[in-house]
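Engineer: Sequence:
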Amino acid sequence: MAVINGKATASEKTDEELAREVLAGKHGAGEDRKRSLGPRYEPVQAIVNKLLRAKEKPSETVENEPQTVQFKEDGDLSFNGAVLKKDVLDKILANCKKHDILPSYAITVLHFEGLWGTSAVGKADNNWGGMTWTGKGERPSGVTVTQGSARPSNEGGHYMHYASVDDFLTDWFYLLRSGGSYKVSGAKTFSEAVKGMFKVGGAVYDYAATGYDNYLVGMSSRLKAIESENGSLAKYDQQTVTDVGQSDKIEVAIEGIEVTINGTRYKLTKEPI
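If you use UniProt numbering, the sequence shown closes out at 273, no skipped numbers anywhere.
Hints are computed from structural coordinates only; laboratory data are not their basis. On a predicted model such as this, the values are computed, not experimentally measured, just so you know. Treat each hint with caution, since some may be false.
[What the hints assert, rightly or not] When the alpha-carbon atoms are kept at most 30 Å apart in a straight line, the in silico BS3-like pairs for lysine-lysine are as follows:
#1 Lys183 to Lys86
#2 Lys249 to Lys86
#3 Lys13 to Lys98
#4 Lys97 to Lys85
#5 Lys195 to Lys91
#6 Lys34 to Lys13
#7 Lys249 to Lys72
#8 Lys85 to Lys98
#9 Lys188 to Lys85
#10 Lys183 to Lys97
#11 Lys195 to Lys86
#12 Lys86 to Lys199
#13 Lys97 to Lys195
#14 Lys235 to Lys188
Starting from the given sequences, assemble the full structure and let the hints guide the process.
Structural biologist: As structure tokens, this is what we get:
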């Protein structure tokens with residue numbers, strides 16, 4: 001057996017071992033992966049595809065595993081069955097302080113996108129924000145990620161897989177940092193922070209394909225719904241961010257459909273295509 005510096009060479013590893021290395025982020029993607037694996041590429045890629053398909057399907061063993069049930073305790077937040085534990089909330093607040101981001105915005109968007117970790121991708125990949133796999137394992141934040149679950153078929157691609165929720169929070173807040181692609185840092189109101197996720201608010205890219213108005217309606221509705229169970233989130237803004245602006249006046253007429261924000265009505269309409 002050929003061993004170099006105590007490690008077996010690629011030719012001595014099984015196809016399945018190489019496939020698991022691919023899923024762990026080694027050997028790159030596309031042409032880089034072909035060059036790295038050489039003549040082993042096709043059988044290894046076949047196993048990779050098989051493992052990914054198995055990951056997308058509900059596993060029989062998962063069904064038999066005991067489900068972790070979380071209960072709300074002092075200091076936690078809860079909404080619609082999801083519990084944001086105090087230790088995670090404290091990490092969110094610390095990141096908000098570090099990056100000058102409103103906690104009311106961060107808490108809401110992390111439920112809106114990932115149900116505070118109880119969504120399918122939140123459970124499988126510790127990905128609370130819908131972050132998309134780019135093909136590169138090393139993130140500018142310093143966090144290492146791997147390819148995660150497949151995105152919906154109409155979107156294509158995959159989500160990022162994070163080793164822990166801590167890694168996700170580090171990477172996600174780095175994305176929203178001052179001087180980055182979005183204008184969330186420094187926003188003094190909830191609506192201003194949401195607007196900063198889109199080009200209309202100065203962002204380099206739109207955070208979501210739904211567009212600013214639709215996203216604002218959904219986010220504002222979610223904020224009010226979370227507050228209906230936990231009280232106003234403005235207290236976290238006042239404790240964490242300096243010079244907080246006056247809270248938006250949000251009135252929800254039909255949750256997720258129509259809201260009035262600071263006197264402007266935003267409404268989702270259903271029209272034939």
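Engineer: Evaluate each hint against the coordinates.
Structural biologist: Against the structure, the hints come out as follows:
Restraint check: the Cα-Cα separation between Lys183 and Lys86 comes to about 27 Å, which is no more than 30 Å; the hinted pair holds. Restraint check: the Cα-Cα separation between Lys249 and Lys86 comes to about 27 Å, which is no more than 30 Å; the hinted pair holds. The straight-line distance between the Cα atoms of Lys13 and Lys98 is roughly 44 Å, outside the 30 Å bound, and the hint therefore fails. Restraint check for Lys97 and Lys85: satisfied, since their Cα atoms lie roughly 18 Å apart, inside the 30 Å limit.
Only pairs whose Cα atoms come within 30 Å are accepted, and Lys195 paired with Lys91 is accepted, the gap being roughly 24 Å. This hinted pair checks out: Lys34 and Lys13 have alpha carbons roughly 16 Å apart, not beyond 30 Å. A hinted pair counts as satisfied when its Cα atoms are at most 30 Å apart, and Lys249 with Lys72 qualifies at roughly 28 Å. A threshold of 30 Å between alpha carbons decides the hint, and for Lys85 with Lys98 the separation of about 20 Å falls inside it, so the pair holds.
About 25 Å separates the Cα atoms of Lys188 and Lys85, which keeps this hinted pair within 30 Å; it holds. Between the alpha carbons of Lys183 and Lys97 the distance comes to roughly 16 Å, so the proposed pair stays at or under 30 Å and holds. With a C-alpha separation of about 28 Å, the suggested pair Lys195 and Lys86 falls inside the 30 Å cut-off, and the hint holds. Between Lys86 and Lys199 the CA atoms are separated by roughly 33 Å; this puts the pair beyond 30 Å, and the hint is violated.
For the hint pairing Lys97 with Lys195, the CA-to-CA distance comes to about 20 Å; that is within 30 Å, so the pair holds. Between Lys235 and Lys188 the alpha-carbon distance is near 14 Å, which keeps this suggested pair within the 30 Å criterion.
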